[in-house]
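For the sequence shown, the numbering used here gives the first residue as 134, with consecutive numbering after it.
One thing to keep in mind: the hints can contain errors.
[To be verified] Taking lysine to any residue and the SDA-like style, the derived pairs with C-alpha atoms no more than 25 angstroms apart in a straight line are:
hint, residue 1, residue 2
1, K162, W194
2, K211, I173
3, K142, L205
4, K180, G152
5, K180, R201
6, K190, G212
7, K180, I222
Read the hints as simulated data drawn from the structure, not as lab findings. Bear in mind the structure is a predicted one, so any value in this text is a computation, not a measurement.
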Amino acid sequence: MTNYDYTFKIMMLGDASVGKTSLTIRYIKGFFMEDLKLTIGVDFYSKTTEFNEKNVKLQIWDFGGEERFRFLLSQYCKGANGAFFLYDI
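Just need the whole structure built from these sequences, with the hints factored in.
What follows is the structure, encoded as structure tokens:
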């Protein structure tokens, strides 16, 4: 079992099809995936990294951007330490 010095809950937020899942998978796995499916509700990812000689666990919550999932947002965001807001211009 790995001990972490810090654990952070990070939310990925934005409208549908703006690239939340693409950016998350690129960061977690190190490659780009083209044909991604719609996120239903929320998907969870985890990455362990080191920062200033400390073990850090990032819990990344990739929230589905469709309007029908927005009622869940306030519950899922509880306890979050940060968020990325993505948009398409």
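Going straight from one Cα to the other, do K142 and L205 come out at no more than 25 angstroms?
holds (16 angstroms)
Next pair to validate is K180 with I222; report whether the Cα-Cα distance is within 25 angstroms.
violated (29 angstroms)
Need the status of pair K180, R201: alpha-carbon distance at most 25 angstroms?
Roughly 28 angstroms between the alpha carbons, so the hint for K180 and R201 is violated.
K211 and I173: Cα distance at most 25 angstroms?
Given pair K211, I173 holds - Cα atoms ~19 angstroms apart, limit 25 angstroms.
Please verify whether K190 and G212 have alpha carbons no more than 25 angstroms apart.
Distance of about 15 angstroms is within 25 angstroms: holds.
Does the structure keep K180 and G152 at a Cα separation of 25 angstroms or less?
The hint holds at about 19 angstroms.
Does W194 lie within 25 angstroms of K162 when you go C-alpha to C-alpha?
holds (15 angstroms)
Of the numbered hints listed earlier, those contradicted by the structure are 5, 7.
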